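From the two separate chains plus the hints, produce the assembled complex.
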Amino acid sequence: AQKVTQAQTEISVVEKEDVTLDCVYETRDTTYYLFWYKQPPSGELVFLIRRNSFDEQNEISGRYSWNFQKSTSSFNFTITASQVVDSAVYFCALSEANWGAQKLVFGQGTRLTINP
Amino acid sequence: KAGVTQTPRYLIKTRGQQVTLSCSPISGHRSVSWYQQTPGQGLQFLFEYFSETQRNKGNFPGRFSGRQFSNSRSEMNVSTLELGDSALYLCASSLDGYQTSYNEQFFGPGTRLTVL
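Read top to bottom, the protein sequences are chains H and S.
Numbering follows the working numbering, in which position 50 of the first sequence is assigned residue number 595; successive positions increment by one, without gaps.
Numbering follows the working numbering, in which position 32 of the second sequence is assigned residue number 214; successive positions increment by one, without gaps.
Excised from the complex, chain S in its bound form (with noise of 0.2 Å):
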């Protein structure tokens, strides 16, 4: 079973620019988790989508958005970047968010992001 793919792997922007990072997830999974790693914050958790549908957030302004389409796949955006905004950003699947049982997240290898 193929893992938790994110594309692209590394990303390299300008101050005031937009990027969409997308996730796709282990076939079968529909939760999708979005974490943010830096040196100094750490692993900070974004937002998490399950049946298209946002039903949890973390403390990020609005300018960090997300979405999750019919096949589970899920993107997420940000737009005006700051610098603040390098961060490896990680994807998160996980099989049924109804099934507390079944709450392990499977990660994918990241989007390494660098504002310029």
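The shape of chain H in the complex, shown without the other chains (with noise of 0.2 Å):
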């Protein structure tokens, strides 16, 4: 069965800190794909990056980073120099590569507050 663990409920920092949000995941499939999600006080889950099992090249884009570490079975995220504006629910998500099967398995979030 799959699974996705976010061990971290909450995380408070000050603005302008670094912030790592942690992903682990749990499959038996050797193809699959992981996402992150941020969701904003308004509710709706914007998407962030999907990484394919077959790619495990970090990214960068802006502030943001991923490291995909199939090794440690972990997908983990980080803020630099985080702002106000970051402070959201943020949810790691993992889907089988199943011709026909568009099933998102989410961990249970992390809630980030940037403090000003």
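Wrong hints could be hidden among the right ones.
With a Cα cut of at most 20 Å, we get these calculated EDC-like pairs of lysine to aspartate or glutamate [what the hints assert, rightly or not]:
1. S:239 to S:257
2. H:615 to H:567
3. S:239 to H:560
4. H:615 to H:574
5. H:583 to H:560
6. H:548 to H:563
7. H:583 to S:286
8. H:548 to S:286
9. H:615 to H:601
10. H:615 to H:600
11. S:195 to S:264
12. S:239 to H:641
Some chain S residues well away from chain H (every beta-carbon gap over 12 Å; in silico) [stated by the list, open to error]:
13. 244
14. 245
15. 246
16. 251
17. 292
Quick caveat, the hints were computed from the structure, so don't treat them as lab data.
Predicted model only: the values in this text are computed from it and were never measured.
Yeah, the Cβ is synthetic: ideal placement off N, Cα and C, and Gly gets one too.
Structure follows, in structure tokens:
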């Protein structure tokens, strides 16, 4: 069975600090996709990044970066120089690459609060 | 391009009633998935529709059902509402279910259902 664990329930930091959100996943599939979504107070899940299981290259997008390590089944997300607008709940998710199956398994989410 | 739209945004019902929620996917997207979000259980997959057919189903009772129309719009129905059905119901669409490289799901703002 697939499972995603986000051990950090809540994180609170002061603006401009760097913060890393942890994500550990379990799957028996050899081909799968990993995602990060952001959920601001408005409720809508905002897609941030997708990674497939064959691409372990880390990615940087502005202040955001992602570290994917298959050896430890982790897909961690780092925000550099955090801003108040980064405050939200962040979800890590896993999808099997099954033809015709669009199903995301989510972690419990990490509530990130950036204090001014 | 317009995003995923969901109607209504808020709904209050009483136990035993039934409810229908609507979702219009992003233009050109043929896969529509539904998720339930509660504080206790987090984000859970309900079902997914593609070309008017249910392709995948989560672990929810038969009171939860859905359908998809020829224009890819989808509805979900919950019959005999229970207090525990109070949740944020999120709809997501994706471009093409058969192309695994295109399975990012884009979410709507959700319908917040309160059962009294």
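Quick rundown of the hints versus the structure:
1. S:239 to S:257: It holds: about 15 Å lies between the C-alpha atoms, which stays within 20 Å.
2. H:615 to H:567: OK: residue 615 (chain H) and residue 567 (chain H) at ~14 Å, within 20 Å.
3. S:239 to H:560: 42 Å, violated
4. H:615 to H:574: 12 Å, holds
5. H:583 to H:560: Satisfied, since the Cα-Cα distance of roughly 18 Å is no more than 20 Å.
6. H:548 to H:563: Roughly 27 Å separates the two Cα atoms, so the pair is violated.
7. H:583 to S:286: With Cα atoms ~14 Å apart, residue 583 (chain H) and residue 286 (chain S) stay inside 20 Å; holds.
8. H:548 to S:286: 18 Å, holds
9. H:615 to H:601: 7 Å, holds
10. H:615 to H:600: 10 Å, holds
11. S:195 to S:264: 10 Å, holds
12. S:239 to H:641: Distance ~14 Å between residue 239 (chain S) and residue 641 (chain H) Cα, so the pair holds.
13. 244: 19 Å, holds
14. 245: 20 Å, holds
15. 246: At about 15 Å from chain H, residue 246 (chain S) clears the 12 Å cut-off, so the statement holds.
16. 251: With a cut-off of 12 Å, residue 251 (chain S) remains clear of chain H, as the shortest Cβ separation is near 18 Å.
17. 292: 5 Å, violated
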